[in-house]
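Colleague: Given next are the chains, with one letter for each unit.
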Amino acid sequence: MSSPKASTRTKAAAKAADVKSGARKPVAAKAKSAKAAAKPSLKEASTKKAPAQVDPSPAQKAAFLKAMAAGVKLDSAASRALVKKKGSPFAATQEAVNAPAPAPKVEVLRRIPAPAAIIDTPESKTALALAALIEKAIDSGDLGKVQPHAQQALVAALCKLYAAHAEAGERFNILGQRSATVAATDVMVVCGALLKAVDLQVFELGMWQSWSSG
Amino acid sequence: MAEQFVGKASEFKDGERQIIRIGEDEIGVFRHQGEFYAYSNFCLHQGGPACEGLTIARVIEPLREDKTSMGLHFSETDMNFVCPWHGYEYDMKTGAHIADPRVKLRKYDIVRKGDEVYVVA
Ligand code: FES
Numbered sequence: 777m778s779s780p781k782a783s784t785r786t787k788a789a790a791k792a793a794d795v796k797s798g799a800r801k802p803v804a805a806k807a808k809s810a811k812a813a814a815k816p817s818l819k820e821a822s823t824k825k826a827p828a829q830v831d832p833s834p835a836q837k838a839a840f841l842k843a844m845a846a847g848v849k850l851d852s853a854a855s856r857a858l859v860k861k862k863g864s865p866f867a868a869t870q871e872a873v874n875a876p877a878p879a880p881k882v883e884v885l886r887r888i889p890a891p892a893a894i895i896d897t898p899e900s901k902t903a904l905a906l907a908a909l910i911e912k913a914i915d916s917g918d919l920g921k922v923q924p925h926a927q928q929a930l931v932a933a934l935c936k937l938y939a940a941h942a943e944a945g946e947r948f949n950i951l952g953q954r955s956a957t958v959a960a961t962d963v964m965v966v967c968g969a970l971l972k973a974v975d976l977q978v979f980e981l982g983m984w985q986s987w988s989s990g
Numbered sequence: 084m085a086e087q088f089v090g091k092a093s094e095f096k097d098g099e100r101q102i103i104r105i106g107e108d109e110i111g112v113f114r115h116q117g118e119f120y121a122y123s124n125f126c127l128h129q130g131g132p133a134c135e136g137l138t139i140a141r142v143i144e145p146l147r148e149d150k151t152s153m154g155l156h157f158s159e160t161d162m163n164f165v166c167p168w169h170g171y172e173y174d175m176k177t178g179a180h181i182a183d184p185r186v187k188l189r190k191y192d193i194v195r196k197g198d199e200v201y202v203v204a
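Residue numbers (this note's numbering), protein chains in the order written: chain A, 777 to 990; chain B, 84 to 204.
Each hint should be verified, as a subset may be incorrect.
[As the list claims (entries may be wrong)] So the derived label-pair ranges between C-beta atoms look like this:
#1 A/E899 <-> B/V203: 24 to 30 Å
#2 B/D183 <-> A/P834: 55 to 61 Å
#3 A/C967 <-> B/R185: 36 to 42 Å
#4 B/D183 <-> A/C935: 24 to 30 Å
[Stated by the list, open to error] Stretch-level coverage of chain B by chain A, calculated; a stretch enters the list once three of its residues show a Cβ under 8 Å from a Cβ in chain A:
#5 91-100
#6 157-163
#7 184-192
Worth flagging that the hints you see were computed from the coordinates, not collected in a lab. Just so it is clear, CB atoms sit at the ideal spot from N, CA and C, and this is done for glycine as well.
Chain B with its partners taken away, still in its complex shape (with noise of 0.2 Å):
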C-alpha cells in the first residue's frame, strides 16, 4: 500500500469525480461536500462502473407519530453515488449499499497534504 498522487484539491471542484486507474484497480475519487472519499469502480452486483452513474440525495420517508408515512422526501445530510447498469445504491460516505449495509464497496483511504490528494492503494 503506498500513497499515490491523484491531484491538486484546488483544481478539484465540489461535486467533481474522477475515475483513475492504480495498477489493476479501478477507483472513483469523489468530492462530497469538500471531503474527498475513494470507492472501487466495480460494482458489487455484477462489476457495473459502480462510481460513474447518478449521484443523488437519499430519499427517506418520514413517518409520522402514528406511523403513517409523511411521503417520500430527499435527505439534506446524505448523499449516494448509484450504479449507472441496475441501480445499486451506496452511500457516499461509506460504501455501503443503502438496502443491505453489509454489503460496502472497497474503500480507500485519502491522505491531503496541503493542497495535495492521495489516495493509499
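Looking at chain A on its own, in the form it has when it is part of the complex (with noise of 0.2 Å):
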C-alpha cells in the first residue's frame, strides 16, 4: 500500500527523470516540425510564386531622395543595405542604377565648314608654277637665276596687282598661310625697299595709314 502523498512524489520524480531523460524532447521536436511544414523547403521557395511587388509610391521615391541628399550613396553598400529591408523604397531607384546605362547621345555642337575651295584659274596656275620655281631657286642656292630685272617685273606687277584688289574692296591677307613660311626679317627687307623705291619715309606711311583706312 502506498499513501496519496508517496505517490504524488512518485508521479513528480518520474517527470524529472523524464526531463532527466529527454523523454520530453519529442514533443519539442513536434512543435518544431510543425514549424519546419509551415515554412516551405527551399524548392518549394524557388517555385513558389513571390508576392507582387509594390512600386514605391511618389512619396516614398521623394523620400529615398531625401536620404540620398542626406548622403547616402547611390550603388554603395549602405544603400544596398537599405534596398534590402522590407518594402524599402529604395528598391525601385536602385534597380534604376543597377539597369545598363542608356548609350550616351551624341550631341553636334559646331560643324566648321572646309575652307572656301580654291578656283584655280590658267593664270593663278602659271603663277604657282613661277612661285615654285622661283622657290627652288632659292633652296639651290643659285640667286642668279632670277635676274633682278625678272624680280622688278614681278613685284611691281604683284603691287598692282594687290593694290587693285583692295581698291576694289576684295581684301585678303598678302600672304596667307604662307606668312608661315616667310621671315619676318624679309619682310622688312622687302618693305623697307619699296618704300625705297617711291621715295617714300616710313613717317609718309604712317601718315597715310592714320588717314586712310590702308
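Two chains, two separate frames, one set of hints: put the complex together.
Modeller: If you want it as C-alpha cells, here you go:
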C-alpha cells in the first residue's frame, strides 16, 4: 500500500526523470517539425510565386531622394543594405541604377566648314608654278637664276594687282598661310625696299595709314 | 566604350570638321584627305578648343648637305591643326604636339560601316 503523498512524489520524480532523460524531447521536436512544415522548403520556395512587388509611391520615392541628398551614396554598400530592407522605397531607384546605362547621345556642337575651295584659273596655275620655280631657285642657293630685272617685273606686277584688289574692296591677307614660311626680317627688308623705290619715308606711310583705312 | 554614330561620310566634306559632345567628352572629328580623325577638343596647354583653330600644312626647314637652311617650306604630306588660344600645334594623323610628340591629345578610334561614321567613346 502506498500513501497518496507517496504517489504524488513518485509522479513528480517520474516527471523529473523524464526531463532528465530527454523523454519529453519529442514534444519539442514535434513543435519544431510543425514549424518546419509551415515554412516551405528551399525547392518549394523557389517555385512559389513571390508576392507582387508594389511600386514605391511618389512619397516614398521622394523620401528616398531625401535620403540620398542626406548622404546615402547610390549603389554603395549603404544603399544596397537599405534596398534589402523589406518594403524599402529604395528598391525602385536601385533597380534603375543597376539597369544598363543608356548609350550616351552624340550632340553636334559646331560644324566647321572646309576652307573655301580654291579656284584655279590658268593664270593662277602659271603664277603658282612660277612661285614654285623661284622657291626652288632659292633652295638651290643659285640666286642668279632669277635676275633683278625679272624680280622687278614680278614685284611691280604684284604690287599693282594687290592694290587693285584692295581698291575694289577685296582685301585678303597678302601672305595667307604662307606667312608661316616667310621670315619677319624678309618682310621688313622688302617693305623698306618698296618704300625707298617710290621715295617714301616710314612716317609718310604712318600718316597715310592714319588718314585712310590702309 | 561604344560606337557612337557621328554622321554619314557622304555628307562630310573633305577638310570639314565637327565638334561633338558624347557624354562628358568634347571631340573634334576631322576629315582630311578622305580619312577621319577624332581628338579630344581640350587642349593640353590650358584646355582651349584645340580642334577649332586653323588647319595648316606643317612648316618644315630642309637643310642642304652642308647643313645650311633651305628656308621654310610647307610640307606636302603633313597637316597640323592649331589651338586658337595660344597656338599649340598638333599633328592631324596622331594628335601629337609637333614640338614634343610625347604630348598627345586623346585620340578616339573611328569605325566606318559603309557610309556611316562612328566614334568609339
Ligand atoms: S590652350 Fe591651347 S594653346 Fe593654350
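Colleague: With reference to the structure, classify each hint as holding or not holding.
Modeller: A quick look at each hint next to the structure:
no.: 1; hint: A/E899 <-> B/V203: 24 to 30 Å; verdict: violated, 47 Å
no.: 2; hint: B/D183 <-> A/P834: 55 to 61 Å; verdict: holds, 57 Å
no.: 3; hint: A/C967 <-> B/R185: 36 to 42 Å; verdict: holds, 40 Å
no.: 4; hint: B/D183 <-> A/C935: 24 to 30 Å; verdict: violated, 41 Å
no.: 5; hint: 91-100; verdict: holds (count 5)
no.: 6; hint: 157-163; verdict: violated (count 1)
no.: 7; hint: 184-192; verdict: violated (count 0)
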